[in-house]
Each structure stands twice: as C-alpha cells, then as structure tokens.
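Please model the complete structure; the sequences and the hints are all you need to start from.
Residue strings, one per chain:
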Amino acid sequence: MSKLRIRVDQDKCQGHARCKSLAPELFELDEYGNAHEVGDGTVPAGLEDKAWLAQTNCPEIAIEVTEE
Amino acid sequence: MSDSPSASYLPEHPPVSDWVHDFDHTDPVWTDDPFPIWETLRAASPVVHTERFLGCYMPTTYQAVKEIAYDTEHFSSRRVIVRDIRPEITARAPPITSDPPEHKPAKQVLLPPFTPDAMKRLEPRVRAICNELIDEFIADDHCDAAARYTKHIPVRAIAHMLGIPEKDGDLFIKWIHQILELGIKNEDELMNGVREMTGYFVAHLEQRKLEPGDDLISQLLRAKGPGGQPLTDEHVLGSLRLLLIAGIDTTWSAIGSSLWHLAKTPADRERLIAEPAMIPTAIEEFLRAYSPVTMAREVMKETTISGCPVKAGNMVLLSFPAANRDPAMFPDADKVVIDRKENRHAAFGLGIHRCVGSNLARMEMQVAIEEWLKRIPDFRLDPAGKVTWSEGTVRGPRQLPVLFGNNA
Numbered sequence: 000m001s002k003l004r005i006r007v008d009q010d011k012c013q014g015h016a017r018c019k020s021l022a023p024e025l026f027e028l029d030e031y032g033n034a035h036e037v038g039d040g041t042v043p044a045g046l047e048d049k050a051w052l053a054q055t056n057c058p059e060i061a062i063e064v065t066e067e
Numbered sequence: 000m001s002d003s004p005s006a007s008y009l010p011e012h013p014p015v016s017d018w019v020h021d022f023d024h025t026d027p028v029w030t031d032d033p034f035p036i037w038e039t040l041r042a043a044s045p046v047v048h049t050e051r052f053l054g055c056y057m058p059t060t061y062q063a064v065k066e067i068a069y070d071t072e073h074f075s076s077r078r079v080i081v082r083d084i085r086p087e088i089t090a091r092a093p094p095i096t097s098d099p100p101e102h103k104p105a106k107q108v109l110l111p112p113f114t115p116d117a118m119k120r121l122e123p124r125v126r127a128i129c130n131e132l133i134d135e136f137i138a139d140d141h142c143d144a145a146a147r148y149t150k151h152i153p154v155r156a157i158a159h160m161l162g163i164p165e166k167d168g169d170l171f172i173k174w175i176h177q178i179l180e181l182g183i184k185n186e187d188e189l190m191n192g193v194r195e196m197t198g199y200f201v202a203h204l205e206q207r208k209l210e211p212g213d214d215l216i217s218q219l220l221r222a223k224g225p226g227g228q229p230l231t232d233e234h235v236l237g238s239l240r241l242l243l244i245a246g247i248d249t250t251w252s253a254i255g256s257s258l259w260h261l262a263k264t265p266a267d268r269e270r271l272i273a274e275p276a277m278i279p280t281a282i283e284e285f286l287r288a289y290s291p292v293t294m295a296r297e298v299m300k301e302t303t304i305s306g307c308p309v310k311a312g313n314m315v316l317l318s319f320p321a322a323n324r325d326p327a328m329f330p331d332a333d334k335v336v337i338d339r340k341e342n343r344h345a346a347f348g349l350g351i352h353r354c355v356g357s358n359l360a361r362m363e364m365q366v367a368i369e370e371w372l373k374r375i376p377d378f379r380l381d382p383a384g385k386v387t388w389s390e391g392t393v394r395g396p397r398q399l400p401v402l403f404g405n406n407a
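Residue numbers (numbering that gives the first Met the number 0), protein chains in the order written: chain A, 0 to 67; chain B, 0 to 407.
These aren't lab readings, by the way, just hints derived from the structure by calculation. Hints are not guaranteed to be accurate.
[To be verified] Some, not all, of what chain B presents toward chain A, calculated at C-beta under 8 angstroms: (1) 113; (2) 114; (3) 168.
Glycine included, each C-beta is placed from N, C-alpha and C at the ideal position.
Below is the structure:
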C-alpha cells in the first residue's frame, strides 16, 4: 500500500473534533478544540483506514488525504 | 407556566394545506412527523418560501443549507429563531447571534471550556447524574423517560459547569419552555422568561465577582475580549443565556430521540449492548437522523441559493435536520444505520457557527445511553402511553413512556 499523508486545512476546520474522536493517533486539538495533524501528517502503517474514516466524517471537508 | 389573561397571544396559525408554498414549522402535523413534509418540499425545490412569519425561506437540501451556513455576507445570525414577529433586538446572545467580525472573538472565549479534554473531566459527574436519576425510577418498571431522565441530564451538567445548584434546574427548564416554545407565539412569555433568567444570572455574576472560583461563570469574568479588555457584564450575561438556552433542551431532545429509537428497535439495542464500543458511531447516526436543532438566518442582501433567488427582509429556516435527511448526501437517508461509516452530518451546524457545546452534547448522549443500557437493557414504548414531540426550533420527545423490568 502506498504511504498516506494527511493535512487539516486550518481555514476550513471548525472544531467538530470528529477526526480526533475517530483517529486520535493522527490528529491533535489546540486549546480552542481546532484540529491539526500529528507531526508532519505522515500516516503510520496500519492506520490508513482511520485516516480515510476521519476524512469521510469531517463535516467541513477540511481534511486532505494524499497518497505518496 | 403562566396563563395570564393579559398575555399577548399572537393569532393562531391556520392549518397548512399547501406545504410547498405555505410551510409552517409550528403546525401540529410538522411537529408530529416532519420527515415526509421535508421530502415533499425537497422534491419541489432546493429552496421553498412561505408568507408566514413575515416571509421565510427554507433550504431543503444539504447543499442549499450548506451554502447559506457558509454565507455570512448575505445571511445574518442576529435573529436565530423564526417567529411571527420581529421585535427590536435587545437580548443578544453572543456568539450565536453575532456576525463577523464580532463573532470570532466572542466564540474564542467560549471554546476552551468545551474542548473534548474539558468534557472528559466533567464525564464522571454526568455518569453519576445519570445513575442518580435511574435510581429514582428503576424499581417502578416503567417511567416517562423524557420527564424523569433525558430532561434532567443536560440541566444538571450545565449547572455543575456554571457552579450553581443542580436543584435550580427546574427554573432553567421553565425559562427554556417560555423562551423556545411558548415564546414563538407569545411575546409576554418570552420576555418574562428572559427577564427572570437575566435577573438570576446577575445575582450569580455579582457573587462570583466577590468570590471567584473555577466555574464557567468565573472563567468568563476572567476572560479577555478583543483588545485585551475584560468582557462587559452584558456580554457575559448574553453568553450565559446562550449556554442555558442552547445547552439544555437540545441535548435533552437528542438523548430522548436516541432512547425512543432504541425502545422501538430491539435489534439496535441488542447490538449496542453486545458491542458498547459502537455506541459513539450510533450516536452520530442518531444525531443525523433525529437532529434536534433548526437554526435561522435573516436575509440581509438579495442573492441566489442553489439557483433560487432569495430576497432581503425574509427570514430563513435553516433546517440542519432536513439537510441530514437529504438522500443526495446520505444513502438510505431515511433509514437509521447505527454503523454508518461515512457520516458528515450537520447536526451541530456548518461553518463558523458550529455549536460550541457539541463536545458536551456528544459526551452527555454517550454517557446517558451507556448508563441506561447497562441498567435497563430491555425496554419498550408503553403501548398505553403517548409519545409527544416539542414544537418549533428544537425537536425531541417531551413525553416518552417506556416499560422495562417485569413489564418489558
């Protein structure tokens, strides 16, 4: 499987926190509850499904998943 | 409730016969079962209009709801309830009634106390509240789950956060009924509710200034607004009004609808008991299928939504619940699929006005359902009773008679 990378668009994120709930290993929240990706957004092997799950449940379509 | 003869009742609404051109979200048919009505409206147009409420549009598709929610230039939040009249705006409730640029700083102040981490700290108290409530009726083998359970959980949780006595919850319930239900058609009830609530909070504000604590009222008094100045008392009072109005019957409704669904769907109940880890996913589906909250906007400038012209001076009934039933967005939109994998529902709104209490509501729903299922795994609707639904802006069961234990 190719390597995935995630990125949260800070202009779109409204802090629904669905990503943090579905994929806590991949997302962090700031003091206002807005999300950003952990580290450089590289998805560790085995967590690909969670990355897609977070992407497909974000109401603001703020999460980009790219295949490298 | 006050039934004062001097109350300025607005005229009763005539029954609706043409939903597409004359819709009315306070009609008893809508209150009882809005879903087929939304289907009819959606089939007619992405945006429909009624002359009622001094002129009001309703977007019927997810796409049209989203376009309006994201467009703060043409649509203002200064009025967030569709009513028969449009009195002068006096009691603001920032940030829900704020537009840019005032909105962001007003919202930033409220966000930190409602993060998922903050809710984790509150969770043990909510779990205890649920069990205290269940203790009161479990031996009876029947109860009205709305009156005895779902109603009290959010009230007590918010009271706990604000550092005020949980027993004052009954007052909150009264004010909310006056403001959100009776107030749509009765201005006196609305004003009385707002006045009493404000008086109550002024007293607490003064007390916290003398003896600050860790509660949310004290946090708001310590918070800095734009420009580094403390928030004015009026701003703090407005935000407290908002937390109470927005935080109580909404979640009460959401927990109630979830229990209503589980009472009449044994297969879903059994699955959640066997796989409790699935409860959060099921909660998202209950939020989608039975979204409690409909918001409103006021059209400030003429524009076009999903190809339909909308004119200034009209209100907009911003139905997130109808958006969440749009089959173009959700396959099998009218089915409750408790393990739905892809679920971008808009129950907490879209765009800058995303519900500030969404993490609180989710935690309360999850805990309330978990604790209920642990102690009352087998229950059903009481065939001798009647489920009734709230009218207006927030939809949920107000009577939910269920049987369990030896009656199950």
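Hint-by-hint comparison with the structure:
The closest approach between the C-beta of residue 113/B and any C-beta of chain A is roughly 7 angstroms, which is under the 8 angstroms cut-off, so the hint is satisfied. The interface hint given for residue 114/B holds, since its Cβ lies 4 angstroms from the closest Cβ of chain A, which is under the 8 angstroms cut-off. A least Cβ separation of about 26 angstroms between residue 168/B and chain A goes past the 8 angstroms threshold, and the interface hint is therefore violated.
Consistency with the previously given hints fails for number 3 only.
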